[in-house]
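There are 2 protein chains.
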Amino acid sequence: MSFKDHLQNSKKLVDDYIQNYLGDLEPTLSRPGLQELYKSFSYSLAEGGNRIRPILSLLTAEALNTPAEKVLPLGAAVELIHTYSLIHDDLPCMDDDDLRRGKPANHKMFGEAMAVLAGDALNTEAFFLLTKNYSSQPELALDLVSELALAAGAQGMVGGQAVDVTFKGRDVDSAEVEFLHTYKTGALFRISILGAARICNGNAYQLKCLSDYARAFGLIFQIADDIKDGNKNTEPSFVKAVGLEKAKETCAALLQQAHQALESFGDRARGLKDLVSHLYERI
Amino acid sequence: MSFKDHLQNSKKLVDDYIQNYLGDLEPTLSRPGLQELYKSFSYSLAEGGNRIRPILSLLTAEALNTPAEKVLPLGAAVELIHTYSLIHDDLPCMDDDDLRRGKPANHKMFGEAMAVLAGDALNTEAFFLLTKNYSSQPELALDLVSELALAAGAQGMVGGQAVDVTFKGRDVDSAEVEFLHTYKTGALFRISILGAARICNGNAYQLKCLSDYARAFGLIFQIADDIKDGNKNTEPSFVKAVGLEKAKETCAALLQQAHQALESFGDRARGLKDLVSHLYERI
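Chains as they are written, first to last, in numbering that gives the first Met the number 0: chain A, 0 to 282; chain B, 0 to 282.
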């Protein structure tokens with residue numbers, strides 16, 4: 000199967016899972032007011048995006064020879080967290096974006112108050128989704144809740160956004176940029192991969208390798224974004240911190256690290272390998 | 000011990016627990032940006048309020064002859080959720096309140112962007128707090144996470160807020176007002192009481208009684224609030240729906256129900272009994 004087809008198939012699994020999840024939820028939120036809330040958060044969750052986080056969970060399951068169904072709930076929970084963060088990010092008091100993925104931002108469709116609530120609901124529902132779907136293995140479920148909360152909270156994604164908010168405008172060095180992105184975007188990539196590995200009973204060595212992969216993946220993702228954006232935005236950026244050439248060199252070294260980290264998985268890790276190569280090629 | 004002293008002692012236990020919790024968290028959030036986030040959410044969490052939700056957990060533990068320490072983490076987790084909801088509620092796009100408990104609202108102190116993030120962080124940290132403190136009993140911990148997520152999310156508090164947002168201005172009957180408050184404030188009272196009962200190994204009959212108590216408590220709390228506010232605000236209100244006299248009658252009946260629900264606990268439920276009587280007397 001070509002990488003493109005592989006990616007499309009994985010994305011379809013995720014989209015279908017989320018569609019079913021929303022379908023199950025809808026009847027429980029049929030009252031006036033609740034219906035509006037449902038419409039608001041399902042608008043942002045259903046129209047998707049690249050689903051890269053749940054896809055990372057699926058590709059990790061492949062690397063560990065485990066059926067996709069096992070990790071779909073985790074991937075979806077991470078996607079709920081990611082989606083809530085986008086809804087809140089787009090608010091006028093945050094990045095003030097009217098458009099998201101070419102469509103009106105949540106608050107442009109449903110108003111700011113409902114957008115705040117839709118984000119809040121998705122944040123909470125992510126944890127409910129985990130408890131519901133992994134309840135037959137309470138220790139695993141608890142571990143996933145704990146790790147997702149850490150990855151999403153003050154010591155993870157939200158912390159990264161706070162750092163970002165306070166950074167705005169001032170010059171930062173590459174260590175600070177790495178720190179920022181490790182929190183802001185890296186933490187959710189990490190839980191998508193390592194949470195999946197935990198579900199698939201990865202051993203300590205495999206977890207170590209996947210942790211190295213996750214780090215390299217997150218940084219390449221971010222540097223590629225920075226290179227694409229050039230000097231357009233006011234965000235802290237690797238390109239601004241170290242220059243374009245050095246940023247490209249760093250990326251090439253990280254790609255090598257990512258591939259090396261996957262060596263012991265052999266051909267089963269082809270999806271993870273192709274995905275990071277694909278990211279790199281965007282540069 | 001007088002009821003006033005009893006309440007003060009319980010509140011001090013909660014305040015001390017939350018102070019320690021924040022003290023443990025602070026060193027993990029010492030970087031620039033993270034420090035701002037910490038200051039923002041600890042500002043709203045530390046200055047407190049009446050702590051009625053964690054106090055309900057403590058009084059439930061007393062009724063079930065269980066040490067307070069067992070239920071403090073649950074009570075604190077509910078308080079984190081309650082605090083995040085207040086921070087988001089006060090935002091200009093929500094209720095637009097400049098003051099909270101006589102002090103500047105979170106966004107007046109730290110800016111709107113940081114207030115959104117502080118709320119988001121507290122929402123997530125509540126679940127982390129549960130996993131961390133009840134990990135020695137994974138099934139219990141998972142149950143608490145699940146129940147708190149339900150109580151706080153679209154089918155609980157956030158759902159109630161969404162109903163509230165869409166209600167604004169239009170006339171509603173008493174059934175709708177009860178529905179709204181069951182979601183908006185009742186769900187967190189309920190988890191404070193029933194989550195504590197679960198931790199304290201309450202039996203099915205005790206859970207049933209405490210569930211009846213929780214319902215009556217929540218409604219009295221809300222009707223008392225509505226009576227106090229009179230026709231000042233534009234929120235849906237029992238008083239507006241059924242008139243002042245009928246609202247007072249309903250409250251008297253609910254008080255009797257709450258007391259009856261506690262009968263089988265004998266004197267150990269004195270705290271719960273006094274608390275609901277105290278609420279009633281505010282009318």
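One thing to keep in mind: the hints can contain errors.
[As the list claims (entries may be wrong)] Listed below are the simulated DSSO-like cross-link pairs for lysine-lysine, each with C-alpha atoms no more than 27 Å apart in a straight line:
id, chain 1, residue 1, chain 2, residue 2
1, A, Lys131, B, Lys207
2, B, Lys38, B, Lys11
3, B, Lys247, B, Lys207
4, A, Lys167, B, Lys107
5, B, Lys38, B, Lys167
6, B, Lys167, B, Lys10
7, A, Lys107, B, Lys167
8, A, Lys107, B, Lys69
9, B, Lys10, B, Lys227
10, A, Lys167, A, Lys69
11, A, Lys167, B, Lys38
12, B, Lys167, B, Lys245
13, B, Lys69, B, Lys167
14, B, Lys102, B, Lys227
15, A, Lys227, A, Lys207
16, A, Lys207, B, Lys131
17, A, Lys131, B, Lys131
18, B, Lys11, A, Lys38
19, B, Lys69, A, Lys131
20, A, Lys69, B, Lys131
The hints are simulated quantities; they were obtained by calculation from the structure and are not laboratory data.
Evaluation of the provided hints:
1. Lys131(A) with Lys207(B): Judged against 27 Å, a Cα distance of about 23 Å means the pair holds.
2. Lys38(B) with Lys11(B): holds, 22 Å
3. Lys247(B) with Lys207(B): Between Lys247(B) and Lys207(B) the Cα gap is close to 26 Å, so the pair holds against 27 Å.
4. Lys167(A) with Lys107(B): Given that 27 Å is the threshold and the Cα spacing comes to 19 Å, the pair holds.
5. Lys38(B) with Lys167(B): violated, 33 Å
6. Lys167(B) with Lys10(B): At roughly 34 Å apart (the allowed maximum being 27 Å), Lys10(B) and Lys167(B) break the hint.
7. Lys107(A) with Lys167(B): Status holds; Cα separation ~19 Å.
8. Lys107(A) with Lys69(B): Violated, because 45 Å separates the two Cα atoms, which is more than 27 Å.
9. Lys10(B) with Lys227(B): holds, 24 Å
10. Lys167(A) with Lys69(A): Violated, at about 40 Å.
11. Lys167(A) with Lys38(B): holds, 19 Å
12. Lys167(B) with Lys245(B): holds, 23 Å
13. Lys69(B) with Lys167(B): Not satisfied, since the Cα-Cα distance of roughly 40 Å exceeds 27 Å.
14. Lys102(B) with Lys227(B): holds, 21 Å
15. Lys227(A) with Lys207(A): Since the Cα atoms of Lys227(A) and Lys207(A) sit roughly 30 Å apart, the hinted pair is violated (cutoff 27 Å).
16. Lys207(A) with Lys131(B): Holds, at roughly 23 Å.
17. Lys131(A) with Lys131(B): With a Cα-Cα distance of about 19 Å, the restraint between Lys131(A) and Lys131(B) holds, given a limit of 27 Å.
18. Lys11(B) with Lys38(A): violated, 42 Å
19. Lys69(B) with Lys131(A): Holds, at about 24 Å.
20. Lys69(A) with Lys131(B): With Cα atoms ~24 Å apart, Lys69(A) and Lys131(B) stay inside 27 Å; holds.
Going down the numbered hints, you'll see the structure goes against 5, 6, 8, 10, 13, 15 and 18, while the others check out.
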